[in-house]
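Chain residues, written in single-letter form:
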Amino acid sequence: MSTAVPPGGQRTLQKRRQAQNAKENKLKQTPTSARAAGFGGSSNNILKIFTDEASNGLRVDPLAVLFLAVGFIFSVVALHVIAKMTGKLF
Amino acid sequence: MSSNNFLEFFKPFESYLPEVIAPTRAVPYNQKLMWTGVTLLIFLILSQIPLYGIVSSETADPLYWLRAMLASNRGTLMELGVSPIITSSMIFQFLQGTQLLTINRENKRDRELFEVAQKVFAILLTLGQAVVVVLSGNYGRPSDLGIAISLLLIFQLIFASFIVLLLDELLTKGYGLGSGISLFTATNIAEQIFWRAFAPTTVSTGRGTEFEGAVIAFFHLLFVRKDKKRALVEAFYRQNLPNMFQVLSTVAVFLFVLYLQGFRYEIPVKSTRVRGQVGSYPVKLFYTSNTPIMLQSALTSNIFLISQILYNKFPTNPIVRLLGVWGVPTSGGSFGSGKAALSGLAYYLQPPFSAKEALTDPIKFMFYVAFVLGCCAVFSKTWTEISGTSAKDVAKQFKDQGMVISGKRDTSVYKTLKGIIPTAAAFGGACIGALSVGSDLLGTLGSGTSILMATTTIYGYYEIAAKEGGFTKNLVSGISELM
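Which chain is which? The protein sequence lines are A and B, in order. Last residue of the first sequence: 90 (full-length UniProt numbering), numbering continuous. Last residue of the second sequence: 483 (full-length UniProt numbering), numbering continuous.
Derived by calculation from the structure, the hints in this document are not laboratory data.
Okay, the calculated bits of chain B under chain A, using three or more residues with CB under 8 Å as the criterion:
| no. | segment |
| --- | --- |
| 1 | 7–21 |
| 2 | 42–55 |
| 3 | 157–171 |
Just so it is clear, CB atoms sit at the ideal spot from N, CA and C, and this is done for glycine as well.
From just these sequences and the hints, can you work out the full model?
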């Protein structure tokens with residue numbers, strides 16, 4: 001039979017103190033390197049490194065493939081259009 | 001570490017090859033349908049945009065016979081179609097089938113390197129083919145084009161093929177319903193058939209302008225002509241352009257192939273591991289689907305290609321003349337290229353243009369039928385061995401999964417399968433060949449081979465879609481009852 005812990009009391013206070021300490025520490029801490037200071041835009045570099053390690057190739061999102069294809073189609077059409085235009089103008 | 005030295009050679013390329021990320025969880029059916037549709041749309045647009053920098057494409061098309069199979073369109077961004085991908089996967093499948101290249105399927109590293117090797121090969125082939133197509137003067141002499149335009153043409157061809165490679169990978173990785181290559185081929189064929197039936201283009205003959213599309217011409221003739229009976233006859237039997245009879249025979253062949261697709265022999269099986277689990281293992285009549293007809297048409301296309309090249313180079317050589325004499329046929333229609341084999345081996349391998357031609361030269365026709373049927377049967381049987389679906393492989397699979405044929409001893413699985421699978425494969429291959437010959441004789445829109453390829457692919461997709469749960473249960477059972 002499990003006994004429910006009553007709300008409040010010693011444990012809750014301890015938790016609150018810990019959270020407060022952690023917050024203060026975080027505020028006081030200065031960046032130790034340029035990278036950690038958000039030099040490269042954002043500071044969640046570790047995540048990036050991990051995804052890089054997991055793959056051993058150039059991994060492409062399927063949406064990127066679609067954009068690549070559409071971009072290519074548009075560029076070829078643009079070439080045709082430019083050829084037509086310059087022929088008309090000059 | 002991979003177990004193969006040859007594959008290790010491709011290791012350095014691995015980090016440079018783009019690879020579509022596999023979906024982390026199962027893609028829902030609607031999304032799969034959407035990806036398939038969008039990919040198809042891109043492919044179709046690619047195959048309609050002309051290449052930039054072409055001066056002329058007036059010369060006779062050397063690859064006319066291969067176009068339908070490779071999903072390629074002349075003078076467009078899809079000039080190469082899916083040929084580099086097909087060729088490279090064929091080569092590797094062949095190497096693996098003949099045990100020249102042994103890969104361990106359980107080894108993840110092996111599988112990865114195998115795919116990388118295939119892709120590297122496909123890209124190399126694309127490069128080679130693009131250079132050959134441009135330099136061989138397909139679009140005008142390279143010296144006239146200039147070096148910049150030639151390079152631009154090569155770049156366009158390579159990039160387009162690269163995109164097709166990625167699109168195919170996208171579909172096969174699990175975003176689409178099935179393989180991209182077969183989908184593109186089927187689409188190309190379906191597009192051609194629809195174009196022949198509904199083309200709004202007009203052709204001016206001696207008697208005025210006529211619509212090219214069979215159905216459109218049918219209505220046009222019915223409305224315009226005074227004599228309705230003769231207009232009907234004209235619409236159904238005109239020789240120079242697609243007619244209504246061809247449309248009807250195409251529909252008939254399509255339905256008949258669909259009907260035959262449902263033929264299967266069901267072997268009752270039960271599990272030895274989980275008691276009470278019973279099921280059936282279906283062996284379809286078209287056991288190898290459209291592979292035999294594809295291989296057969298690839299073989300004859302290559303013979304035609306070589307024969308044509310040789311005939312253009314050495315028109316008087318007796319051996320070359322024995323292989324094939326090419327020219328414009330005096331009677332009957334011809335295919336779009338205008339040229340056809342007139343005598344020699346190529347003439348005997350060439351499908352008859354009409355039933356009339358089959359009657360006028362019965363020996364040629366008999367030879368042709370025997371060749372196609374025999375070829376398809378042998379290819380089909382060989383393909384089961386190569387692709388790992390032979391009786392021996394299936395028996396091993398049964399054993400691994402703990403399945404036995406119910407009512408038989410577990411030792412007799414191989415014996416039973418050996419009686420069924422090779423027969424099904426050979427007979428199915430011959431049936432496919434016969435269908436192809438039959439539809440050529442009926443004069444369907446597009447060749448019999450291409451219609452068969454399109455139909456089997458579409459049916460395959462339908463089966464996958466039904467399995468994925470795209471249709472309601474009612475519809476599936478309703479259709480299978482109807483079949």
